[in-house]
Every structure is written in structure tokens, then in C-alpha cells.
Amino acid sequence: MKKNFKAISLYVAAVIAGVASLTSCISDADSPGLEYTPDMYRSPAIEPYVDYGEFRNKEHVELKSQQSAMRPPNYSIPFYGSDSAKVSMMLPYHRLASSAAAVSHGLNASEGWRLSDSLDVEYNKAKADKNPISLTADNKDAIFGKGKKLYTSMCAHCHGEKGNGEGPMVKSGAYAGVPNYKNLTELGDGQVFYSIYYGKGAMGAHAMLLNKEEIWTLVHYVNKFRFDGYGEEPVMEVEALDSTAMTETIVE
Amino acid sequence: MFRGKSKWLSVALAFFLYSGTFLIHAQEGETIFKAKCATCHQPHKDGTGPKLYEVRQKWENGGAKAGSLMQWVKNWQVAAANDAYAQTVSQWSPTAMSLFPDLTDEQITAVFDYVDAQPVPGAGAADAGAFAMTETSEQENNTGWIWYILAAVFVVIILSVGGVRRQLKMVNTNEEDRLSYSEELRQWAWVNKKYVGIGTLVIVLALIVTLFLQLYTIGVVTAYQPNQPIQFPHDIHAGKNGIDCKYCHNSVEKSKSAGIPTVNVCMNCHKQVQGNDDNQTAQISKIYAAAGFIPDGGGQYTGETANIVWNKVHALPDHVYFNHSQHVVVGGIDCKQCHGDMTKQNELPRVVPVEELNEIDGNIPLTRATLTMGWCIECHGAKEIANGPVLDKDRDEHKHGYYDEIHQRLMNNDKALYEKYLEDGKVTVKELGGWECAKCHY
Numbered sequence: 001m002k003k004n005f006k007a008i009s010l011y012v013a014a015v016i017a018g019v020a021s022l023t024s025c026i027s028d029a030d031s032p033g034l035e036y037t038p039d040m041y042r043s044p045a046i047e048p049y050v051d052y053g054e055f056r057n058k059e060h061v062e063l064k065s066q067q068s069a070m071r072p073p074n075y076s077i078p079f080y081g082s083d084s085a086k087v088s089m090m091l092p093y094h095r096l097a098s099s100a101a102a103v104s105h106g107l108n109a110s111e112g113w114r115l116s117d118s119l120d121v122e123y124n125k126a127k128a129d130k131n132p133i134s135l136t137a138d139n140k141d142a143i144f145g146k147g148k149k150l151y152t153s154m155c156a157h158c159h160g161e162k163g164n165g166e167g168p169m170v171k172s173g174a175y176a177g178v179p180n181y182k183n184l185t186e187l188g189d190g191q192v193f194y195s196i197y198y199g200k201g202a203m204g205a206h207a208m209l210l211n212k213e214e215i216w217t218l219v220h221y222v223n224k225f226r227f228d229g230y231g232e233e234p235v236m237e238v239e240a241l242d243s244t245a246m247t248e249t250i251v252e
Numbered sequence: 253m254f255r256g257k258s259k260w261l262s263v264a265l266a267f268f269l270y271s272g273t274f275l276i277h278a279q280e281g282e283t284i285f286k287a288k289c290a291t292c293h294q295p296h297k298d299g300t301g302p303k304l305y306e307v308r309q310k311w312e313n314g315g316a317k318a319g320s321l322m323q324w325v326k327n328w329q330v331a332a333a334n335d336a337y338a339q340t341v342s343q344w345s346p347t348a349m350s351l352f353p354d355l356t357d358e359q360i361t362a363v364f365d366y367v368d369a370q371p372v373p374g375a376g377a378a379d380a381g382a383f384a385m386t387e388t389s390e391q392e393n394n395t396g397w398i399w400y401i402l403a404a405v406f407v408v409i410i411l412s413v414g415g416v417r418r419q420l421k422m423v424n425t426n427e428e429d430r431l432s433y434s435e436e437l438r439q440w441a442w443v444n445k446k447y448v449g450i451g452t453l454v455i456v457l458a459l460i461v462t463l464f465l466q467l468y469t470i471g472v473v474t475a476y477q478p479n480q481p482i483q484f485p486h487d488i489h490a491g492k493n494g495i496d497c498k499y500c501h502n503s504v505e506k507s508k509s510a511g512i513p514t515v516n517v518c519m520n521c522h523k524q525v526q527g528n529d530d531n532q533t534a535q536i537s538k539i540y541a542a543a544g545f546i547p548d549g550g551g552q553y554t555g556e557t558a559n560i561v562w563n564k565v566h567a568l569p570d571h572v573y574f575n576h577s578q579h580v581v582v583g584g585i586d587c588k589q590c591h592g593d594m595t596k597q598n599e600l601p602r603v604v605p606v607e608e609l610n611e612i613d614g615n616i617p618l619t620r621a622t623l624t625m626g627w628c629i630e631c632h633g634a635k636e637i638a639n640g641p642v643l644d645k646d647r648d649e650h651k652h653g654y655y656d657e658i659h660q661r662l663m664n665n666d667k668a669l670y671e672k673y674l675e676d677g678k679v680t681v682k683e684l685g686g687w688e689c690a691k692c693h694y
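Those protein sequence lines, which keep their order, are chains A and B. If you use this note's numbering, the first sequence corresponds to residues 1 to 252, in order. If you use this note's numbering, the second sequence corresponds to residues 253 to 694, in order.
By construction, these hints were calculated from the structure, which means they are not laboratory data. Take the hints with a grain of salt, since some may be wrong.
Simulated coverage check for chain A against chain B, where a stretch passes if three residues somewhere in it have a Cβ under 8 angstroms from a Cβ of chain B [unchecked claim]:
hint, region
1, 126-135
2, 146-157
3, 202-213
Backbone N, C-alpha and C define an ideal beta-carbon position, used for all residues, glycine too.
The whole structure should be built from the sequences, with the hints applied where relevant.
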């Protein structure tokens with residue numbers, strides 16, 4: 001009699017244990033769970049965005065919560081092939097940032113930014129800078145196509161698809177004060193480049209997001225908004241030449 | 253009579269003219285403000301330049317000389333040299349105001365009239381970008397435990413009834429005929445051996461299937477949704493404000509990794525966007541702390557920066573090579589194929605389950621769990637490369653690039669194989685070696 005009673009309570013204990021083990025399977029959103037072959041997720045070859053603070057069961061305090069996506073050393077130039085025109089276009093920008101850029105745009109000298117002594121001398125000088133990518137009848141479709149792609153992903157959310165300063169950011173009311181490119185006709189190409197590179201006013205520096213070739217391509221594309229018919233006539237800058245010269249350049 | 257009439261007429265005419273000029277005046281102010289001033293100045297908020305609302309009053313109260321403000325707008329350097337108050341204003345920000353020598357006094361007055369006419373934003377209306385981060389871990393089913401208790405109660409009832417029945421039965425039998433539990437079970441199993449046999453087979457098979465299904469879930473993280481240092485709502489940034497994924501994840505077209513935006517990318521907008529409510533302000537102030545930015549006044553960088561440590565969500569084992577630029581640039585895959593529709597995502601980032609990915613328009617439907625090898629090769633077997641960048645006219649660098657070369661080689665080397673590939677009307681990644689082990693494992 002006593003023995004049987006004990007057997008029943010054993011069953012009950014088993015059921016309770018089973019229920020308890022089932023309910024204990026509540027997931028913790030902060031943990032990726034048990035890792036099968038855990039070292040596979042922390043590569044010995046350094047990968048970006050991996051925390052190497054704890055690696056192969058060893059703790060590395062100096063690496064904990066540290067940046068693993070590093071910037072290349074200052075003034076280093078990536079390899080851009082052997083085309084001298086392209087390589088020289090990719091050389092570090094020769095114009096220095098405004099003397100106020102550290103305070104106004106966070107371009108600190110300690111991080112490799114070179115600041116000039118004056119507020120706007122370099123910016124004013126940039127007015128004379130020419131776009132190293134020349135627009136010809138052959139390449140203009142490709143350049144505007146590339147420019148449009150870049151503009152759509154890098155600029156259009158503020159400046160608007162049509163360059164009127166009414167991008168979705170402005171329309172949603174989150175941001176204000178984006179100029180219409182139509183009103184910026186007195187800027188030189190070099191000044192547009194300078195503004196994209198180092199930032200201007202409320203706009204931040206985009207030198208980290210775009211390389212020089214991409215910015216010069218954007219300068220061409222933005223000029224389409226600034227000047228009606230930009231790039232449509234075969235030769236833009238030889239207005240003063242006579243008609244024979246014009247036809248020659250068109251043939252070229 | 254006549255004289256009186258003409259008097260009224262002239263008054264009406266004067267009024268008409270006055271209101272007309274007033275309208276033109278206000279319109280001119282708005283046009284000039286938007287074209288020349290709004291880039292740096294806002295009516296009610298300091299930006300690159302100070303707010304302009306009632307600025308004339310401010311200068312007058314500050315003790316500026318008459319006409320000094322007009323001079324400032326035209327050429328601030330001249331004004332600062334001649335007026336002590338203008339000198340102090342020039343200290344407001346290290347950036348220099350542009351010169352506007354072409355503006356007339358009337359035009360400047362029109363701008364100030366326009367700015368002063370702008371309504372002060374109401375205190376209650378500031379909910380434009382309110383966002384709610386849903387804490388998914390708290391959304392788990394809270395009534396589940398009731399079922400466990402009910403089940404336990406039923407089990408106890410069944411066991412007790414069975415026990416009582418057995419006790420009653422034992423009372424009626426002799427001492428030596430009484431059976432232990434295991435003897436009783438064996439006896440019962442022998443009597444019903446057909447059913448017990450089938451039942452056992454089913455259970456064993458089910459266990460084997462379960463084992464294999466469980467093995468498939470190794471390395472599949474479904475519930476991993478770690479807290480992040482900043483509550484970043486993707487739906488506001490990519491959805492409502494229409495920022496392209498590639499603006500922030502800007503290495504996606506150039507590198508293996510899509511990239512976590514650096515703080516300076518955040519600051520490109522958040523220099524001005526400072527939050528509409530307490531929660532937003534608290535979150536955005538974390539960016540300022542990392543960027544070393546003081547938003548007061550016009551906003552200044554101190555140069556003291558810090559790191560923001562985000563928690564990585566998508567992890568691939570070391571023995572797999574995955575390259576974002578290959579998939580986005582060459583393959584022409586949209587972000588949403590693997591990451592889901594981030595324009596609607598307002599919870600913490602996570603690995604989006606394949607069922608949700610399949611619901612999105614334009615995605616290739618897949619069956620295996622996201623980020624598993626089955627999922628990858630399933631897509632490699634389905635993704636057609638003919639619709640990729642080969643036909644993309646905007647990308648001149650690919651027009652006669654990699655895939656065309658492969659098509660050419662196939663046609664020249666093994667025409668029969670090429671035609672076999674084209675039997676189903678498409679060339680997939682698999683047919684170009686997308687299922688080769690060394691494509692991803694090396």
C-alpha cells in the first residue's frame with residue numbers, strides 16, 4: 001500500500017519536472033544562443049565589426065569594445081590602376097579646409113584633416129578650379145547616368161530628385177533650409193566640389209562617403225540642375241570661338 | 253458730391269495699391285529668404301546661423317546702432333568694424349556669413365517682415381517624428397503557463413483515477429496474484445502487441461525526424477535581437493525620410509562589408525535634426541556625445557570623440573566568404589532580398605526569417621532558414637543573371653563586362669552545354685559555378 005502510493009508521487013514528480021523544463025525554454029533576445037563551433041564566428045583573420053574582446057577563450061581587455069573597422073592611415077592613396085589622369089585625379093585634395101572646419105564641421109586636425117589659416121580664402125580660390133572629368137558628347141550619357149545613381153543614393157533625400165531642395169527629408173518636416181540648385185548659379189564647379197568635400201553650412205563633409213572621382217561626377221550632374229541645358233550642347237565653353245572651330249570640336 | 257465720390261475712390265485706390273504692394277513685399281521677402289538665407293538661418297531655431305525671428309528687436313535691445321543690421325546683411329565685416337554690438341554677434345559662430353552686397357534695404361526689410369510673420373511653433377504640435385520602439389521580448393505570450401497548469405491538473409486526475417481503480421482491483425485479488433506495475437505493463441503490451449509495435453515504430457521514426465529537424469536549426473538564430481546603444485528606427489530614416497540604404501551603409505558597393513555608418517554620417521543630418529520629444533532628444537544626444545558636438549547655439553564640435561559600440565546581428569562563420577559588393581553591384585540584388593523591408597522596420601535589428609522575406613514583392617521565394625547554406629545555394633540556383641547588370645544601361649562598366657564574357661566563353665567553348673543551360677530560358681548563378689564549393693568556401 002505504502003509502496004504504491006510512493007510510485008504515484010514519483011510520476012507526479014516526473015510530470016512537474018517535465019513541465020518545469022519546458023517552461024524554462026524562454027529565449028533571451030540579447031543572446032545569440034549556444035554557438036556550435038563558436039570560434040568559427042570570430043575569425044583569426046581580423047574582420048570588421050567583430051568584437052575580439054573574447055577570443056578563443058582568452059580575454060583581451062585592450063580589444064574589448066574597440067573599433068575593428070579602421071580607417072586607412074592618413075594620406076594613404078588606394079591603388080587606382082595605371083591611368084595617370086585617373087591617378088592624379090585621386091591624389092589628395094589640394095585645397096585645405098576652412099580654419100573653422102574643426103569647430104563647425106568636426107574636421108579635426110588630429111584625424112588628419114588639414115585646415116587653412118583663413119575662413120574662406122581656399123573656398124574662394126576653388127572658384128577657378130576646373131572639373132578634371134571633361135564632358136564630351138561621347139561620355140556625357142555615362143557620366144550623367146553615374147551621377148544620377150550617386151545623386152539618388154547620396155543627395156536626393158535632402159536636395160530632392162529634381163534638385164529643388166525638396167527631398168523626402170524636407171517634405172516630412174524633419175529638415176529645413178536646403179537650397180534650390182537653381183539659386184546657386186554663381187558658384188564655380190570647384191566651389192561645388194569644395195562644399196561637397198568639406199561640407200558647407202548645415203551640410204556635413206562628404207569626403208568620407210565619396211571619392212574625388214565620384215564628387216566630380218556629381219558636380220557635372222548637379223550642374224544639370226543649376227544651368228538649364230547643361231551638357232546638351234556639344235561644346236559648352238568655347239562660345240567665343242568662330243563657327244568653323246565649333247564644327248571641328250563637334251566632329252572630334 | 254462728385255468731390256466726395258472721388259475722395260472715396262482715391263482712398264479705395266490707395267488701399268488697393270497699398271495691399272497690393274504689401275502682398276508683393278511679403279512675397280519678395282519669402283523668395284529672398286528661401287533663396288539666400290534659409291540655407292543657414294531658420295525663423296525659430298538656431299542652425300548654422302542664429303534664428304532670425306524678431307532679430308531687429310533683438311539688435312535694438314542689444315544696443316546696436318541704427319542701420320547696423322542692414323549693413324551686417326550686406327557685408328558683416330564692415331558692420332562688425334563699425335558697431336560694438338555687431339562685433340559681439342560676429343563671435344556667435346566661427347563660420348562666416350556670406351556677403352550680400354546686392355540686397356537693397358527694402359529687400360532686407362521684406363525678409364525680416366516675412367520671418368517675423370512666421371508663427372511660433374506650438375508646444376503641443378511637436379510630435380512629427382514620434383516613434384515607438386516595440387520591445388519584442390515583452391510581447392511573448394503571457395497566457396501560456398495556464399495551459400501547462402491545466403495539463404498538470406489533468407495528468408494528476410488521470411493518475412489518481414487510475415491509482416484508485418488499481419487499489420480497488422487489488423483488494424479483490426489474492427496476495428500472490430497481485431502484479432507489479434512493470435508486470436502489468438508487460439502483460440498489457442503482450443495482449444495489444446500489434447498496436448504497441450506500430451506505436452513504437454511511429455515514435456522512433458518521429459524521434460529520428462525531429463533529430464534531423466533539430467540539426468537543421470543549429471546556427472539559425474531566430475530570437476536574437478540584441479539591444480543596441482541607440483534606439484535607431486529604420487522606418488523613420490529609410491521610410492518616412494526616404495534616405496537610401498546606401499547613404500548610411502555606404503561601403504556596400506565597394507567592400508565585403510556593408511558598413512555601419514560612422515558618426516559623421518549621422519551628424520550630416522543630426523547637426524540640425526535634434527529630436528521632437530524627450531526620447532528622441534535622449535537618443536540623439538548619444539550621437540552628440542560620440543561626435544563631441546554641443547548642439548546649443550549654432551552647434552560646435554569640441555574634438556572629443558568617443559565610440560558607439562553597436563551589437564553585430566548578422567554573423568557568418570569564418571569558413572564562409574560573403575561579399576556585399578559582389579551581390580549588390582554585380583548581382584544587382586536589392587537589400588530587401590536578404591534584410592527585409594527596412595522602410596517599415598521599427599523594432600531592433602534582427603535576422604529576418606525567410607517566411608517574412610518571401611512576403612516582400614520582388615523577392616525570390618526561398619524555403620531554407622535565413623543565413624543558412626541551404627538558403628544561399630537555393631538563391632544561387634534561382635537567381636537569373638540575364639536580368640542583372642548586363643542589361644543595365646546606366647552601368648557602362650558592366651555593359652560588356654563579366655557576365656557577357658562568360659556568355660561568350662560558354663558559346664564558344666561548349667555550345668551544347670550553353671543550350672542545355674538555356675533550356676529553361678534562363679542562365680542562373682548556379683550554372684555559372686554558383687554551386688561550386690570554392691565559390692564561398694576557401
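The hints, checked one at a time:
{"no.": "1", "hint": "126-135", "in the structure": "violated (count 0)"}
{"no.": "2", "hint": "146-157", "in the structure": "holds (count 8)"}
{"no.": "3", "hint": "202-213", "in the structure": "holds (count 7)"}
Hint compliance for this structure: hint 1 is the single one not met.
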